[in-house]
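Per the working numbering, residue 244 is the first one in the sequence shown, and the count goes up by one each step.
Quick caveat, the hints were computed from the structure, so don't treat them as lab data. Source: prediction; values computed, not measured. Be aware that a few hints might be false.
What the hints assert, rightly or not - Between beta-carbon pairs, the in silico distance windows are: (1) M244 with T290: 34 to 40 Å; (2) T248 with E327: 35 to 41 Å; (3) D328 with M244: 30 to 36 Å; (4) G320 with S245: 22 to 28 Å; (5) G368 with S313: 30 to 36 Å; (6) N296 with D246: 36 to 42 Å; (7) Q285 with T354: 20 to 26 Å; (8) D291 with Y270: 14 to 20 Å; (9) N296 with L358: 47 to 53 Å.
Built from N, CA and C at the ideal position, the CB exists for glycine as well.
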Amino acid sequence: MSDITNLELTIVTGGDDLRADSSATAYVIVVDGNRTREYSTQLKSETDSSWGNDSSHGPIVWNMAPGVTSDNLSRLGIRLHAHEDATETPDNWDITSVLVTYPGDGGGQVTLVDLSGGPLVRLTGSEPFWETDVN
Numbered sequence: 244m245s246d247i248t249n250l251e252l253t254i255v256t257g258g259d260d261l262r263a264d265s266s267a268t269a270y271v272i273v274v275d276g277n278r279t280r281e282y283s284t285q286l287k288s289e290t291d292s293s294w295g296n297d298s299s300h301g302p303i304v305w306n307m308a309p310g311v312t313s314d315n316l317s318r319l320g321i322r323l324h325a326h327e328d329a330t331e332t333p334d335n336w337d338i339t340s341v342l343v344t345y346p347g348d349g350g351g352q353v354t355l356v357d358l359s360g361g362p363l364v365r366l367t368g369s370e371p372f373w374e375t376d377v378n
């Protein structure tokens, strides 16, 4: 069981974009014995341009903390952080697909998550996160 040094995430936006003034993060839950840890990384900041409808983003390389392995990696999720103001409603974001891979011991990439749908998930102000088991 080797450490996962990094994850590579590719996210495809569906029919509702991720606005320029919204941000998004990815997170993983690692369970090691009685200890549960969460690690997160920013996918898009609120100063980045919007992720338009039906656009692909990635691979986004995310360096992992030491000790994260395929055996103790439990869940992966994505959070929407809408930064609405008085002139706009909360952002909604359709995600059509999520692909997550990591470098394998023998070279090449190992697939951790490969999910898609029409959309896979719709993130909203009232439901701003999505999560899936990976182990």
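Here is how each hint holds up against the structure:
no. : hint                       : in the structure
1   : M244 with T290: 34 to 40 Å : holds, 39 Å
2   : T248 with E327: 35 to 41 Å : holds, 37 Å
3   : D328 with M244: 30 to 36 Å : violated, 47 Å
4   : G320 with S245: 22 to 28 Å : holds, 24 Å
5   : G368 with S313: 30 to 36 Å : holds, 34 Å
6   : N296 with D246: 36 to 42 Å : holds, 37 Å
7   : Q285 with T354: 20 to 26 Å : holds, 23 Å
8   : D291 with Y270: 14 to 20 Å : holds, 18 Å
9   : N296 with L358: 47 to 53 Å : violated, 19 Å
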